[in-house]
Amino acid sequence: MSLSEEKKILLSQLVDGELSVNQANQVLADVLDELTHVLGNTEATAQLGAMLELREALDPWRRQELPKTVVALPSVHPNGKTSHFRWHVVSLASAALLGGILVAGGFVLGGRFGTERAALPTARQPVVIVTPEQRREIARAFALHESVAGPLSWYAADEANIRVAPAGKEESLRQPIAVVLRLTRDLSDASHDVGPETYVIVCRNNDAATIELPQSAVAKSVHLRLLPTTANGEVSLQYAISTDGSGRGPDEAALAGRRRVALSQTSLGQLAVHNGLLNVDASAWVVKN
Amino acid sequence: MMETLAAEIAGHASRMYRVALRIVGSMDAAQDVAQDACVKALRGAEKFDGRAALATWLHRITVNCAHDHLRKSRQMERGRADWDHDTMGMLAMLEAGPAKRAEQNETYRVALTLIAKLPDDCRSAFMLTQLDGYTYDEAAAIENLSRGTVASRVYRARQILMEQMNHHRAGEVP
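Taken in order, these protein sequences are the chains called D and Z.
Counting in the working numbering, the first sequence runs without a single skipped number right up to 289 at its last residue.
Counting in the working numbering, the second sequence runs without a single skipped number right up to 174 at its last residue.
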């Protein structure tokens, strides 16, 4: 029986130590099978066979990979603004970065944001409620970033970017408030089948945060000014939001107002962008340690 | 500097996770432990003594984080008296229910159970190299032993396991 070219190449790599342990062991097991067939079971073949078998038996344990974790580290943004960090996200398990997963600083929130939906007869879209687990994840993400970078004035994350701003001593004592902001193309605008953009923001009670959100498929750039205040656990959000639209003309739209915002999505209004409408919704709550 | 270190830590993350898993015995908890260990490593980067191998340093941080986790969750006190802390999670996972995953075949389950009963010295070397995925050199640095001693202990553990698995197949209680 002649040896296939493929097997010969594997043997060649084996003697050079160029195969992974599992590949090498598979080649050895194949050779061992042939030897045993011809020579019978010798002490050496029995030992090697048992060792290979034990090694293979433990392979499932060695295959266990960190399921879904990222860690972020800061560096100064290329634009040189010292008050504005750009965070690089280093994947510790690339398989975890599945579509639709929201990176929230050290933690990846599973899948679609919000799983509890309450139907409204005339709603443009289902109402999304932030789950307790998501609130915990966001609190942990914020704490994680503060543990690495020091007190933060605000923290903003989307699927691919995390931005933070350092807090002064006085700011750092103020209660953190989480805001989940969703920008959605209006459904009546059927020409644009673009999913919602979700941003997780943590800012401070009674401290205005000015944030430039990264460019997305929904809007070219969005500028936010949020001033959350809390009383008796309720959050009131004062906001000014503008977008540059396509940049092809006087497209910049803006909306401003003040709303009481809770865990279920509250509409902050609509922005007119160059070829449609953008719904802006928010949920907010006080972050508890 | 930080980016380089983070990238290097990222390369060790799955091994850190496996170490945590065999100690804490839950995938979620092991993930938290690995995450905490990564953050502690990044925060303590200035404490990293370059003379120690990165693997050794990260392993120590991971084991400490895992033990902290067990202490906080009081599992150490609840753990079975005949279970060592370093294999408590592994055995707990095996006992958690009938083969939760397809790959948890009989050989796998028997092998893990027998590993927990190995003599301390050779068990540690065997787990580091065969379960966690450290090289002999890394295991030697972690255990503060020579490479030859690690090789010898892994060999001894393997011999014991093979013999006991034969007993098991023959229907004898090892």
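Bear in mind the hints are in silico, worked out from the structure with no lab data behind them.
Every residue gets a Cβ at the ideal spot worked out from N, C-alpha and C, and that includes glycine.
Mixed in with the good hints, there may be bad ones.
Derived DSS-like pairs (lysine-lysine); straight-line CA-CA distance at most 25 angstroms [to be verified]:
{"hint": "1", "chain 1": "D", "residue 1": "Lys169", "chain 2": "Z", "residue 2": "Lys40"}
{"hint": "2", "chain 1": "D", "residue 1": "Lys7", "chain 2": "D", "residue 2": "Lys169"}
{"hint": "3", "chain 1": "Z", "residue 1": "Lys40", "chain 2": "D", "residue 2": "Lys288"}
{"hint": "4", "chain 1": "Z", "residue 1": "Lys40", "chain 2": "Z", "residue 2": "Lys72"}
{"hint": "5", "chain 1": "Z", "residue 1": "Lys47", "chain 2": "D", "residue 2": "Lys288"}
Residues from chain D that keep clear of chain Z, each with C-beta distances beyond 10 angstroms, as calculated [unchecked claim]:
{"hint": "6", "residue": "Asp16"}
{"hint": "7", "residue": "Gln47"}
{"hint": "8", "residue": "Gln64"}
{"hint": "9", "residue": "Glu65"}
{"hint": "10", "residue": "Leu144"}
{"hint": "11", "residue": "Ser147"}
{"hint": "12", "residue": "Glu197"}
{"hint": "13", "residue": "Asn206"}
{"hint": "14", "residue": "Leu227"}
Assertion that D:Gln64 lies farther than 10 angstroms from chain Z (Cβ): 6 angstroms, violated
Distal placement of D:Glu65 relative to chain Z, Cβ over 10 angstroms: For D:Glu65, whose nearest Cβ neighbour in chain Z is about 5 angstroms away, the distance does not exceed 10 angstroms, so it is violated.
Exclusion check [D:Glu197 not at the chain Z interface, CB over 10 angstroms]: 26 angstroms, holds
Z:Lys47 paired with D:Lys288 [C-alpha distance capped at 25 angstroms]: Cα-Cα ~31 angstroms, so violated.
D:Leu144 and chain Z, when compared Cβ to Cβ, separated by more than 10 angstroms: 6 angstroms, violated
Minimum Cβ distance from D:Leu227 to chain Z greater than 10 angstroms, as the annotation requires: The claim stands: D:Leu227 keeps its Cβ more than 10 angstroms from every Cβ of chain Z (closest is about 31 angstroms).
Minimum Cβ-Cβ distance from D:Asp16 to chain Z exceeds 10 angstroms: Given a closest Cβ separation of 18 angstroms, the condition holds.
Non-interface label on D:Asn206, tested against every C-beta of chain Z at 10 angstroms: At about 29 angstroms from chain Z, D:Asn206 clears the 10 angstroms cut-off, so the statement holds.
Hinted pair D:Lys169 and Z:Lys40, Cα distance within 25 angstroms: Measuring from Cα to Cα gives roughly 24 angstroms; hence the hint holds.
Minimum Cβ distance from D:Gln47 to chain Z greater than 10 angstroms, as the annotation requires: Its Cβ does come within 10 angstroms of chain Z, the nearest being 8 angstroms, so this is violated.
25 angstroms limit on alpha-carbon distance, applied to hinted pair Z:Lys40 and D:Lys288: 22 angstroms, holds
Hint consistency between Z:Lys40 and Z:Lys72 [alpha-carbon to alpha-carbon, up to 25 angstroms]: With Cα atoms ~17 angstroms apart, Z:Lys40 and Z:Lys72 stay inside 25 angstroms; holds.
The structure does not agree with the numbered hints 2, 5, 7, 8, 9, 10 and 11 stated previously, though it agrees with the rest.
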